[in-house]
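Chain residues, written in single-letter form:
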Amino acid sequence: MKDRFTSHSHDLILSDQQTRTMSIALPSGPARVTRGAAPTSRIGLRQRLRRVAEAAVTPLEIEDVLDVFSPLRRGAELRGRIVEVRPETAEAATLVIKPGKDWAGHEPGQYVRVGVDVDGVRLWRTYSLTHGPRADRCISITVKAIPDGVVSGYLVHRARPGQMIQLGQAQGDFVLPQPVPDKLLLVTAGSGITPVIGMLRNLFSRATPADLDIVLLHSALTRDSVIFGPELRGYAARGLLRLVELHSDVHGRLDVADLDQVVPDVADRLTYACGPVGLLDALATHHEERGLPLHLERFRPATIVVPEGEGGGTLTFADGGTVEADGTTPILDAAEGAGRIMPSGCRMGICMGCVLPLKEGAVRDLRNGALTVAVPGETGPGGVPIQTCISAAAGACSIDHAG
Amino acid sequence: MTAITKKPENPTAHLTPEDVEQLGYELDRIRQDVLDSRGERDAAYIRRVVTVQRRLELGSRAVLLFSSLPPAWVLGTVGLSVAKILENMEIGHNVMHGQWDWMRDPKIHSTTWEWDNASTADGWKHSHNEVHHTYTNIVGKDNDLGYGIMRVDEDQRWHPMHLGQPLWNFLNACFFEYGIAAYDLELGRNLSVPKEKRSEEFATNLRKTLHKIRRQATKDYVVHPALSLPTGSFLSTLAANFTANLVRNLWSHSVIMCGHFPEGVETFERKAIPANETRGEWYLRQMLGSANISGSKAMHLMTGNLSHQIEHHLFPDLPSNRYAEVAPRVQALFEKYDLNYHSAPLVAQVGSAWHRVVRLSLPNGWLATTKPSNLPQQTAVLWKMVRGGSKVRRAAQARLEQQARRQAAAA
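Here the protein sequences come in this chain order: A and B.
Just so we're aligned, residue 13 is where the first sequence starts under our numbering, counting upward by one.
Just so we're aligned, residue 9 is where the second sequence starts under our numbering, counting upward by one.
Keep in mind that the hints were calculated from the coordinates and are not lab data.
These numbers were taken from a predicted model, which means no experiment stands behind them.
A portion of the hints provided could be inaccurate.
In the DSSO-like style, the derived pairs of lysine-lysine whose C-alpha atoms are separated by at most 30 angstroms in a straight line are [to be verified]:
(1) A/Lys113 - B/Lys344
(2) B/Lys344 - B/Lys279
(3) B/Lys115 - A/Lys110
One side only, chain B facing chain A, incomplete, derived with CB under 7 angstroms [as the list claims (entries may be wrong)]:
(4) Ser135
(5) Asn151
(6) Val231
A short list of chain B residues far from chain A (calculated; beta carbon distances all over 12 angstroms) [unchecked claim]:
(7) Gly156
(8) Trp290
(9) Leu383
Each residue gets a CB set at the ideal place from its N, CA and C atoms; glycine is no exception.
Take these sequences, add in the hints, and give me the full structure.
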């Protein structure tokens, strides 16, 4: 629990930096400086040295200076260096990453927020961690390149060892309970295998592999597109689990109604599922009807983007207030028209005086139609900064501004 | 220079409204082309500049720990001067313009960048991004036309104080970072308001600015000199840092003067600007109200690409490394629409700017109508204008301008 709190406060610091309009040196370091019962004189000296260092580099922060030399050090913003890019299938690859010293560890099944600079723009996505904690302290994610996927396409096809990415601390509660129940049902499809593989590797890579009754029901388009196929079949061959593979090109899609046939004792198993929305929703209905517990891991829902010329959306502000905006009126004007006080400047897109964070939703640049999309939990914790004087709503939007 | 609408020959008279809108469309196309191709190469550029600047500054300050040794003093001071110039101009000014906001990197972003200067980023962004770039060269609205202490346009009314403006300009140049701070605060205007009536906003901004000044001064004149005590270099480091700040001030002031002061740069009357200036009209004003400096790539870098002032004013939010690239296309548009692309080497532009400062320190028409033969009488007129009230000045001014016109007509 302590680690999760640490990860949370780290994210808060990030969001502070993104939305602050004037950067003031952060107070003395992250909380961990005073962990434990250190003698008062030592803390005093360290803090005094820190203050001298801050005074010597202002308006930079010490972190900025140290980043020049040692970006993965303790106390830095969390980053990771790609150590290896290992293709898994034609469209999927595993990236092994060496995280900064502040990586607080994770439990199998959790995911991590990853910030990748693609063509110069920092984009954030979440990926499941595909190994349990490793001896070499590295972490791994396995990415499947979706069609038109900017980040996934980059990570699978263009990422190289040595490149730096931004990280968040591990998150998520898609984890097995302790002690692990004897009977498990894992239902996955496509890239939904990724959180589960981490769990399985963690169970089976011990000196004595866990001896459990696990059924893994996995769907994929073809046999070759099953990520970790050989590894899963290997586990099945060793009798560590029962693997049921469904290939859509041969078997068609998984019908949840058939579940009782395929897994007769489903009622005795704790079920974990990860895959497309349709599968998870059907499974949720199925289990709810029978009163069976179910753990779901949902990947990011698509942000609704209203096509150009077809209207705008509702703007929601930090204080809960809403404003209806069409697709052709600048957000600044729409909000002011509804009586809100909004920061502004030149009102023509050149001075950046109206910039506010977009936490969720999509907006369109009225000058050239360019879309900006913000997905909570993915795009940085502070949201994506937008210029309200030249942006119109392209769907429901949530803007971090009160007043 | 006098406002474009008051000139005998308006340099835009030959353009129809359709021409202006077409010009706007063509400039928008150039902007979109840059946006379409903006990407990894540009991000790598600014990151490299930031890394180089930080290493240069840290290295120079490390060298200055031994500043009692003359070679170390020289090396460290040169390095630190360059580092400060790079930080303020190529990095700070451009980042605060939002040129790199598209990267979504919270560390290189207009909303978070604080620069190595006595003035605050907030203050600068308001007076520069919002006011100067919106009302560029509109007499009475763009305070950059003289910064409130000089007159740089015939349409700015002459006051005896302006006689000293070459000196004010030089002092401002030496202490430019404080000049900017005072300017961003609109110090003159706000301090003339009685204390109880001063706005909350001013009080807050003043407090923030004083804090910034204190932190900057402590860094350069206390902390780093103190750190070099072990080598007996306290005073020499202090002198080095003072010199570096001075160099940065003088250099940036000169470059900034080149942006809008050289002779031939147009200014505009407030009442001649329509309430809803179209995009084409705004572009046109930016084109004619700015001047470029021609020179080497190194010069462009050291001016923070403000040497491409015209391109910067047309596209303030495009990455600075792209200005050199679009300059030929922009210049082609100037030619196409028969407009003057004001560009000259550094020394010429600085000289021209100073020439304007000196020329306009005197009332309109005084220099034109003064010859060695009538110098005593002209001096007497000037003295009367200095001693007399505004009515006397206005009358004398009118007479001078009338004489200048007659003289020009007779010639």
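Results for each hint:
1. For the given pair, A/Lys113 sits about 59 angstroms from B/Lys344 by alpha-carbon distance, which is inconsistent with the 30 angstroms threshold.
2. Proximity of B/Lys344 to B/Lys279 is assessed by CA-CA distance (about 28 angstroms); at most 30 angstroms being required, the pair is judged to hold.
3. For the hint pairing B/Lys115 with A/Lys110, the CA-to-CA distance comes to about 22 angstroms; that is within 30 angstroms, so the pair holds.
4. Hint status for B/Ser135 relative to chain A: violated, with the closest Cβ pair at about 11 angstroms, above 7 angstroms.
5. Because the beta carbon of B/Asn151 sits about 15 angstroms from the nearest beta carbon in chain A, more than 7 angstroms, this interface hint is broken.
6. Residue-level restraint check for B/Val231 holds (minimum Cβ-Cβ distance to chain A is 5 angstroms; threshold 7 angstroms).
7. No beta-carbon of chain A is positioned within 12 angstroms of the beta-carbon of B/Gly156; the least distance is around 20 angstroms.
8. In this structure B/Trp290 is not separated from chain A by more than 12 angstroms, as the shortest Cβ-Cβ distance comes to only about 7 angstroms.
9. Every CB of chain A is more than 12 angstroms from the CB of B/Leu383 (nearest about 48 angstroms), matching its label as outside the interface.
Against the hints set out earlier in the document, violations occur for numbers 1, 4, 5, 8.
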